[in-house]
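Novice: Throw the hints in and build the complete structure from the sequences for me.
Listed in order, the protein sequences are those of chains A and B.
In terms of the working numbering, the first sequence opens at residue 121 and continues consecutively.
In terms of the working numbering, the second sequence opens at residue 583 and continues consecutively.
Accuracy of the hints is not assured; some may be wrong.
Reference excerpt, derived from the structure (chain A facing chain B, CB under 10 angstroms, subset only) [claimed, not checked]:
| # | residue |
| --- | --- |
| 1 | GLU304 |
| 2 | ILE371 |
| 3 | PHE418 |
Restricting the straight-line Cα-Cα distance to at most 25 angstroms, the calculated cross-link-like pairs of lysine to any residue (SDA-like) are [claimed, not checked]:
| # | chain 1 | residue 1 | chain 2 | residue 2 |
| --- | --- | --- | --- | --- |
| 4 | A | LYS364 | B | LYS795 |
| 5 | B | LYS669 | A | GLU334 |
| 6 | A | LYS327 | B | TYR680 |
| 7 | A | LYS353 | B | GLU736 |
| 8 | B | LYS600 | A | LYS333 |
| 9 | B | LYS600 | A | VAL368 |
| 10 | B | LYS779 | A | LEU389 |
| 11 | B | LYS600 | A | ASN362 |
| 12 | A | LYS333 | B | TYR638 |
| 13 | B | LYS669 | A | LEU389 |
| 14 | B | LYS600 | A | LYS423 |
| 15 | A | LYS353 | B | ILE760 |
| 16 | A | LYS423 | B | GLU736 |
| 17 | B | LYS669 | A | PRO346 |
| 18 | A | LYS333 | B | LEU681 |
| 19 | B | LYS669 | A | ASN362 |
Bear in mind the hints are in silico, worked out from the structure with no lab data behind them.
Note that the structure is a prediction, hence the values are computed from the model and not measured.
All residues carry an ideal CB built from backbone N, CA and C; glycine is no exception.
Listed below, chain by chain, are the residues.
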Amino acid sequence: MKLLTKTTFYFLITMVPLLAVAGFYLVNQFSKEINYRSDKELVSDEIQWIQYLETAVANGTTFFLKTPELSIFPTDADVDEYATITTTYSYSKTKNEDIPYRQLAQVISISGNHYQIYIRQSQEQKAALESDVKWIMLFVLAGLFAATLIFNWVISKRLWKPFRRSLNKIRSAELQKMEAMHFETTNTEEFNELNASLNYMTGKIYKDYVNMKEFTENAAHEMQTPVAVVLSKLELLLQDNNLKEEQVQSILESVAALQRLSKLNEGLLLLAKIENNQYETTEEISLAEITKKYLHLFNEFIKEKQLTVQTTFTGEFKINLHPILADSLISNLLGNAIKYNYTAGMIEISVSENHFHISNTSLLKPIPSEKLFKRLKNSKESLESSNGLGLAIVKKIAEVKKLGITYHAGNGLHSFDIIREKGRKEQTL
Amino acid sequence: MKILIIEDEHALQESIFKYLEHQGFICEAVSDFLQAKDKLARFDYDCIVVDIGLPYGSGLDLVKELKYMESKAGIIIISAKNALEDKLAGLDLGADDYLAKPFYLSELTSRINAIIRRRNFSGSKVITFNEIKLEAEAQLVTVNDKPVVLTDKEYQLLEYFIANRRRLLTKAAIAEHIWGEEYLHVSNFDFIYSQIKNLRKKLLDAGSGDYIKTVYRAGYRFTDQ
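Specialist: Pasting the structure below:
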């Protein structure tokens with residue numbers, strides 16, 4: 121749930137009852153006040169009427185008065201000590217409905233005669249007034265409420281702007297460009313704290329990244345130099361014409377093993393670099409083009425093995441991939457398809473907009489799934505020239521680029537499929 | 583042909599020195615930045631083999647220095663860093679070639695030969711080995727002045743053989759020179775046999791001596807001895 125939705129929600133559940141109680145209280149108070157005023161009026165009316173009665177009946181006549189507003193008539197009832205004021209309803213012919221009245225009733229004794237007094241005052245105006253007040257209050261409160269919500273929304277949008285800016289920066293962050301990343305100072309203390317922490321963090325990440333990059337490169341450097349020394353010495357040794365044949369063979373085997381070590385080192389370095397996203401690029405590359413390039417480069421090997429290559433290019437399979445990685449991906453897959461094939465075998469390649477497929481005939485058993493794409497898990501049947509990293513590199517490239525890669529083997533046919541997963545953006549961090 | 587080898591790893595420096603000297607180059611070797619700078623200031627060389635990581639400075643700065651001096655020497659960088667950025671940086675500064683360690687000495691020799699030939703504007707660009715003549719620019723090969731038609735790969739092979747004449751060349755080194763590192767993905771290097779067989783046949787048919795000698799189970803040697 122959005123923070124704004126949350127604050128609005130809490131605001132609503134606290135403000136609605138509060139406003140309702142306040143409104144109810146105000147209307148109630150208002151109504152009480154009006155009743156109090158009209159009751160006072162009724163009482164003062166009664167006092168005047170009593171004074172009038174006292175003079176009017178002094179001569180012993182009986183007083184009798186009956187109007188809708190006022191009734192005074194003799195009664196046998198006992199004298200009331202206090203007047204009672206109630207709200208009554210009586211039917212109005214003109215309005216055709218019951219109309220509320222405030223009614224004062226008291227039995228008084230004047231010169232020994234008991235009189236019943238009823239004084240009534242129509243509450244119709246009061247009801248109308250009350251209803252008006254209710255509506256006005258409802259409008260004002262609703263208006264206040266809406267205004268508060270809108271202000272809250274606008275203010276929150278403004279207040280959170282620096283936060284959004286920082287968030288967008290983090291989202292678009294790339295390891296290689298983290299050095300240039302800066303979260304600027306705002307006029308909100310909390311965001312300043314956040315941005316300062318982010319600046320510290322990105323700085324540290326970048327430093328660690330550079331360190332790691334340097335370390336992997338230095339490690340490779342340190343390893344390649346001794347290998348170069350040994351290789352050069354062996355090559356010089358080979359030039360000795362007095363060597364026996366077994367000695368030459370030993371040297372050649374050492375050279376081959378050394379080359380494997382060096383290629384292994386290079387392969388591991390490549391994997392580390394892919395993992396570190398050191399091959400970021402903005403350029404698009406066509407896998408179809410790369411495939412054609414390698415078919416041309418490997419043509420002699422294909423001819424040598426008398427392989428039949430069937431190609432179907434229906435799309436380019438354009439992808440944002442560094443040329444080195446694109447080369448590595450295709451040369452590994454095509455290379456394997458040639459290497460593990462048998463003479464006069466077959467290779468089938470099809471490239472469409474979102475799908476790359478390569479399959480080859482082979483006498484080798486299917487790669488067990490626990491060894492597939494794993495580093496240095498060569499099956500013993502594979503050739504010596506393999507370093508056990510090819511498919512691991514292929515897998516890693518696919519992973520980083522969010523491509524789906526599947527392997528299938530059956531009927532003497534090994535196939536790899538690379539599929540662009542729809543709706544997934546390429547990973548940037 | 584004078585070559586300066588700038589390499590701080592003494593054992594490697596010695597190997598390069600010996601191999602190149604044997605191929606007929608006049609070599610000098612230094613092992614740090616300051617010595618190299620001193621040598622470069624005082625003498626002219628046809629080609630400079632320089633490592634990037636050196637004591638007291640970077641090989642790349644030496645390349646810069648050479649370009650500033652408007653030196654005519656060819657430059658080949660040898661580095662343990664196979665990173666593309668380093669390669670591009672070196673070539674951008676004006677180096678002629680970049681070779682990642684480890685490398686075959688035969689490969690280095692072949693590349694030095696190519697650089698010297700390319701840079702030798704006034705002199706002849708013809709490579710000769712007895713009756714065989716290679717015109718590098720036109721990729722034209724003649725035996726006793728009779729043209730021989732070779733494929734690209736066969737031409738590269740012959741050039742490589744002549745640059746490393748009299749040396750034992752392993753199949754792996756030959757394969758890597760002609761097909762690049764990519765061949766590792768594809769095959770073992772037995773396939774070079776047919777290429778060499780074709781080249782030998784074409785040369786023999788044109789009347790050249792049989793210089794390509796097979797060294798049993800090891801490789802080949804191009805020699806007139």
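Novice: All hints are to be evaluated individually against the structure, with a verdict given for each.
Specialist: Against the structure, the hints come out as follows:
1. GLU304: GLU304 (chain A) check fails; min Cβ-Cβ to chain B is 31 angstroms, beyond 10 angstroms.
2. ILE371: holds (8 angstroms)
3. PHE418: It holds, given that the least Cβ distance between PHE418 (chain A) and chain B is near 6 angstroms, below 10 angstroms.
4. A:LYS364 - B:LYS795: Since the Cα atoms of LYS364 (chain A) and LYS795 (chain B) sit roughly 17 angstroms apart, the hinted pair holds (cutoff 25 angstroms).
5. B:LYS669 - A:GLU334: Roughly 16 angstroms separates the two Cα atoms, so the pair holds.
6. A:LYS327 - B:TYR680: Violated: LYS327 (chain A) and TYR680 (chain B) sit about 29 angstroms apart, past 25 angstroms.
7. A:LYS353 - B:GLU736: Outside the cut-off at roughly 28 angstroms; violated.
8. B:LYS600 - A:LYS333: Violated, because 35 angstroms separates the two Cα atoms, which is more than 25 angstroms.
9. B:LYS600 - A:VAL368: Cα-Cα ~19 angstroms, so holds.
10. B:LYS779 - A:LEU389: violated (38 angstroms)
11. B:LYS600 - A:ASN362: Roughly 18 angstroms separates the two Cα atoms, so the pair holds.
12. A:LYS333 - B:TYR638: holds (23 angstroms)
13. B:LYS669 - A:LEU389: holds (16 angstroms)
14. B:LYS600 - A:LYS423: Judged against 25 angstroms, a Cα distance of about 40 angstroms means the pair is violated.
15. A:LYS353 - B:ILE760: Holds. LYS353 (chain A) to ILE760 (chain B) sits at ~23 angstroms (cutoff 25 angstroms).
16. A:LYS423 - B:GLU736: Status holds; Cα separation ~17 angstroms.
17. B:LYS669 - A:PRO346: holds (21 angstroms)
18. A:LYS333 - B:LEU681: holds (21 angstroms)
19. B:LYS669 - A:ASN362: violated (39 angstroms)
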